[in-house]
Amino acid sequence: MKPFRPRSARALYEAHHGPNMTPMVDVVMVILIFFMASTAILGPEWFLRSALPVVAPAAADLNPPARLHIALLKGGVARVTLDDQQPQTTTTFHVETRLRDESASRGAANLVVLVEPAPDAPYDDVVRVHEWCAALGIAKVGIVEPPP
Amino acid sequence: MRLRTAHPHQPAAKINVTPLIDVVMVLIIFYLIVGNLAYQRLLPVNLPEAGAGAAEEAAPTLVITVAQGPSGARIVVEDTEIAAVDLPSLLRARVTDPATASVHIRADRALSYSHVAPVIAACREAGLLSVKLVAQRAEGVP
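Sequence order for the protein chains is W and U.
Quick note on numbering: the first sequence equals residues 53 to 200 in this note's numbering.
Quick note on numbering: the second sequence equals residues 562 to 703 in this note's numbering.
Calculated from the structure, these hints are not laboratory results.
Among the clues, some could well be false.
As the list claims (entries may be wrong) - Residues from chain U that face chain W, not an exhaustive set, calculated with beta carbons under 10 angstroms: (1) Ile582; (2) Ile590; (3) Gly612; (4) Glu617.
All values reported here derive from a predicted model rather than from experimental measurement.
Here a beta-carbon is modelled for each residue, glycine too, at the ideal position from N, C-alpha and C.
Using the sequences and the hints given, assemble the complete structure.
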């Protein structure tokens with residue numbers, strides 16, 4: 053009778069059949085991490101930057117940007133004032149048209165939008181104005197407090 | 562003359578890095594999931610929808626949530642509810658560099674601005690130059 057002879061490690065290695073799963077697992081994990089990371093970075097939310105302007109002494113600017121002051125009132129009413137012109141009362145949804153017109157005529161970079169929400173104005177309207185500005189490329193947007 | 566090579570059937574010794582890669586990737590996935598869960602731990606609010614805006618690239622310095630409560634609005638900083646009067650002092654303590662700080666304001670869309678105004682005023686008082694209003698991406702917007 054042939055004596056029992058244990059298999060060597062090499063023999064065991066060669067006896068292992070079937071596909072090698074390791075590269076597939078690695079690739080799948082890399083894909084998984086990519087999608088998780090992209091989801092975490094993009095997220096389901098937008099961030100609308102709003103400046104908090106403070107009263108400062110007027111600087112000598114020969115070509116100051118146009119200043120569009122938007123007072124948001126209750127019930128979807130807005131009062132829009134361009135520089136020192138007379139204020140115009142309109143609806144919140146017409147503010148978008150006004151922003152688009154001013155942005156087209158002056159350029160988004162030459163326009164400063166100051167949002168002054170009344171205490172009883174819907175917060176949703178405040179975000180809406182910021183959204184329109186973001187869509188039009190107007191970067192200089194800020195929230196100002198109503199005068200005491 | 563026949564030359565004998567040393568250990569002709571044995572492959573060269575090397576470190577198998579595959580288990581290491583697998584373990585590292587599992588750890589990365591774990592921390593990504595934990596990070597997402599920590600963000601979702603914030604008080605859920607019905608955010609306003611927006612079709613445009615910027616995607617945030619860096620972690621915020623502070624997240625302030627203004628939610629509807631049974632008796633008016635609730636102001637929650639990270640996961641701690643706070644009174645509006647205490648907000649300026651907390652902001653001064655937490656925001657070390659107001660010029661570069663990134664404060665996110667997550668307010669409920671159904672609120673009136675009077676509930677958010679104290680938060681804006683506190684940020685202004687703390688010397689912040691800007692805040693970021695958080696909005697839900699409108700459906701269909703990539």
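Status of the hints after comparison with the structure:
1. Ile582: OK, holds: isoleucine 582 of chain U within 10 angstroms of chain W, min 6 angstroms.
2. Ile590: Where the cut-off is 10 angstroms and the nearest Cβ of chain W is about 6 angstroms from isoleucine 590 of chain U, the hint holds.
3. Gly612: Holds, about 6 angstroms.
4. Glu617: At 5 angstroms from the nearest chain W Cβ, glutamate 617 of chain U passes the 10 angstroms test, so the hint holds.
Hint violations for this structure: none, all hints satisfied.
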